[in-house]
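In the order they appear, the protein sequences are chains A and B.
Numbered according to this note's numbering, the first sequence spans residues 1 to 392.
Numbered according to this note's numbering, the second sequence spans residues 1 to 281.
Honestly, I wouldn't trust all of these hints.
Stated by the list, open to error - DSSO-like mimics (lysine-lysine), calculated; alpha carbons at most 30 Å apart, straight line:
1) A:LYS57 to A:LYS67
2) A:LYS263 to B:LYS262
3) B:LYS199 to A:LYS263
As the list claims (entries may be wrong) - Computed from the model, here is a short list of chain A residues facing chain B with C-beta under 7 Å:
4) SER17
5) GLY26
6) ALA30
7) GLU52
If you're looking for bench data, these hints aren't it; they were derived computationally from the structure.
Every residue, glycine too, gets a C-beta built ideally from N, C-alpha and C.
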Amino acid sequence: MFSHLVLGLRSAGLPASITEYLTLMGAMRAGVAEYSVEDFYYLARATLVKDERHLDKFDRVFGACFKGLELPEGVKVQDLPEEWLRKLAEKMLTPEEMAKIQALGGFEALMKRLQELLDEQKSRHQGGSKWIGTAGTSPFGAYGANPEGVRIGQDKSRNRTAVKVWDKREYRDLDDTVELGTRGMKLALRRLRRFARQGAATELDLPDTILATAKNAGSLDLKMVPERHNTVKVLMLFDIGGSMDDHVKLTEELFSAVRSEFKHLEYYYFHNCPYERVWKNNRRRHEEVIPTWQVLRTYGPDYKLIIVGDGAMSPYEITMAGGSVEHWNEEAGSLWIERLKGHYRRAAWLNPTPKQSWGHVRSITMLNDLMEGRMFPLTVNGIDEMTRELSR
Amino acid sequence: MAGFKSTERYIASRDLEVAVNAAVTLQRPLLVKGEPGTGKTVLAHEVAEALGMPLIEWHIKSTTKAQQGLYEYDAVSRLRDGQLGDERVRDIGNYIVRGKLWDAFAADRQVVVLIDEIDKADIEFPNDLLLELDRMRFFVYETRENVVAKTRPVVIITSNNEKELPDAFLRRCFFHYIRFPDRETMEKIVQSHYPDIRKDLAREALNVFFQIREVPGLKKKPATSELLDWLKLLMVEDLPPDALRSNEKQVVIPPLHGALLKNEQDVHLFERLAFLARRGT
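Next comes chain B alone, as it looks inside the complex (with noise of 0.2 Å):
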């Protein structure tokens, strides 16, 4: 079986491979969870590439719903049409415009969709898609036509746990949490995306990476996407390793941190330890 594996962009943990090559095998959809920043919607591109199919992204917004992943029949067009005396408006058809789905499921060969933090849409939203995503097909209503999915494709889904998902919908999928990765694995992610960069940099970078996430108190802990945008500002500004280097108790604030703290209370909270520490010694 032509699985999915790590990448050399993309390092998938061994449980990752298996959730994945589950919902590839047995056609459900996967459901994805984690910190955010740790490659959740990255995943969905790598698996499109590792299994050659074209990759259908639907990202979800507090104010999607989940007709308008099927269809949408757009009213206010045929009123216009209608009023100006179009002949299109005899149609009805005409006014059907397919949604990320619809065009999944007529696709020619099995794509990939990812459909994009699920949990920022309306709580009914899942269970509205449950039937949809089980069966793979649909109605549409105005033209009494039954869209079915040529193959099924390959559904991943990620959330952000904003909202608490439906048991029904929970039970069709398979699901992987995605922990945010130990110093190795790190190490390793670091590697695939910059393969050039200096051994003492990325070691002192991740060093002070793991120390701020171990601030307590922090509002944002830093994710796997912060720390390699902000590796690629420390290369990009050719900074050398000793700049980051702290002294055995004394905290520094990293140089470029925008990039690693989002939040100005924890650059606050930053300083202020910074300047204990000063005073303490």
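Just chain A, with the same shape it has in the complex (with noise of 0.2 Å):
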């Protein structure tokens, strides 16, 4: 029966499944949503969303599934309370617009008049329940019931209509390609997370002691083994100044994240494009020069390398030698890429830019080949690709 709102959804992304559909047809029946298409909408989301990034996704397809399926909800003007009309016209209108009103009939033939254009407007637009102040030749405008006063038909809590609910796409910030924070970071670098029993022996090893004393002909023999403990490591190559200074707040939120969640973590700084020295505090840039080669002693192979830039500068600054825009270095940045990537296997490049956006920037896509496309957009959704690539 709704099957294609399940197949709309899958087509739009969303995994949804037949045990689930199986489940809302189950629901329907149990007459949990009964016969209100809003409690229909939140049923089929419960059943049928699992997860809150997909929720937009989801308001958007039941909108498009379900368009031309709204309620008729027109309001007979006889439903309005009648008095809280006069009470509001009361408080806003002057008494000379009271009197213009009584020459226009009163009250009764306004309400008339009203109900007409509620009709009118009903067959014109669908649901009929807009604003009905705006029509300019309704005579509650030349009135002045106040321009953003009478909302008829939609009293909030009450009326609202079930299209309304999905339209206002509540969810756009949850959906996980435009949504960037510290916690969809962290959440997303979680993943690189490595597990490993290092370090002093405190724990109680219940399978082995088991073993051991059973082995031991029941005396008890303690076995004890290490704590377990995150042990990923992590180096960062952060670009900064020039074209990233529009994209610091977004390095300074992986910078957050990162920070927090690996203890073995090193970063350094470069400029556009990593030669032969970094530095670790901006200010002193030019003072406190790092060689490359020593960061490359110092932190082995083990060590997993984010390079974080956007990857927009000349060509020749990645490919010849003297290209860079700050200083004369020996080797081109080309080669510098291939000695970090050579000695890092696990290597990746995060780019602030959207990656639509990149076929049209010559550096990014050399760039991008360098690295062997392991190039990613700084989204919850590239650093989840990325992580996917470094732990593999």
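Both chains are sitting in their own frames, so use the hints and assemble them into the complex.
Printed below as a string of structure tokens:
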């Protein structure tokens, strides 16, 4: 019955399955949603969506599938609390205006006109429960019943139409292609965790103790193991200054996320393209430079390398010796990238610019080729992909 | 059908009501996610209350294993008893310690089971519970005993999203994401918790609260539970509403901000904003 909804969801990339569809049908049969479209929407959402990142997509698909299936909501004027209108008018209108209303035939006539207008609107627009005050010909505008005031048919809590609920698209910022924040990043980075037992043996190893005791013919033989720790090691190189200024906030967020996530984290800065020197303190970048060779020597190949930069530069900065905009580099940037890549088997490049635009910038394409396609956008999704690649 | 509805103490939106009722009717677990402090855990208490069932809480830690929810075999006790020559040692059943799910399955009437913060546990944890939550039965290997639920309990699972849950697990659940309440709902929530709070104080406090949430760059935005704590403090201290009022543009650090801002960097950020605002005027 609602299979087109499920198919629509699947083609939009939501992992809805037959099991869930059957659950939905079961719930419908059990009368959970009864006969309200809004309840059906909530029920379908609770059944078919299992991750808040997909809620927005669901809203969109739901809206598309059930377009035109809105409630016959149009509100009869009789339903309007007349007193409420009267009160409102008394509050908003000056005595002269009140007199004008009387001249038009009083409230009763006005109400009749309102009903006509509503009917007219119902046939023209769907729902017919929009703002009435905005209709240019309506006497309501003329008599100043507050242009933002009389909202007919949509008492906020009671009569909210079903369409409204999903059309609001409240979950938009939970969509994982746009949402960014340290928390999202931390979660994505968490995949890099590698647990291993290291250090002093402090925990009782129960299975081994039992085994050893059994071998010992029943006299107790305690076995200990070291505690599990996250042992992943990460080396990060941040592009800083120049075109990266546009991405400061994003990079800061990433930085704070990795800082709290990894115990073994080392970071250095570079400008545009990594060359023979990097630095740790950007304010004193010219005094305290560290040779890249030293970095390579200090941090072994068991580190995972993440380079963060927008990669927007002149192609010469990558390919030519002396191409750097800041200093004279003896060796080309591409050579240094090859070296880094050769040393660190697990390396990736995070790019804060949107992926769609990469093809338009020559240097990004070159870097991506140099990284053998391991360039990822700096979004939660991109970090997720990167961690998958790095922990492979 | 006696369903779950907003109570005087717990304001549930309509979508939450539908999700809870669907889970109860179809006897499937309900997975609840949402910002920390939006009432995920409290929900289970309220559902138990509304349905008139006892609540069994199982709080998950990073070291919790799925097996612990079913039963544990206390090998160390048995070993000790064996070495001391205790008679109990002959019956292995003496060393089987029941877990929370066993308790729930063995209960004579339907109960509500809360599995709190499932994402804290190991990544395999939900997978290990798949069959048990689906069929509501499990096998005790040591005693060759089959434990089958007398009545299927209502299972409510909360998650803070620290780990992704496996698809197979999700497929068996209903899902609800508790959205951060808008101002109107928040007023209701405040009203339901502190019915005798002064109107003007509540209004000013909410103003400040939503203002703080708007501040860009906060590490931890204050949520409902923080607001309620803060209001309680304000009421205890009996502060006048004027103390909260800030002049148009001026940002002031709210009194007793310790209840709202839980991070020294956030407090620092606020102090800086306040300083800038003062200098600007």
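Index of numbered hints that the structure contradicts, given in increasing order: Violated hint: only 3; rest satisfied.
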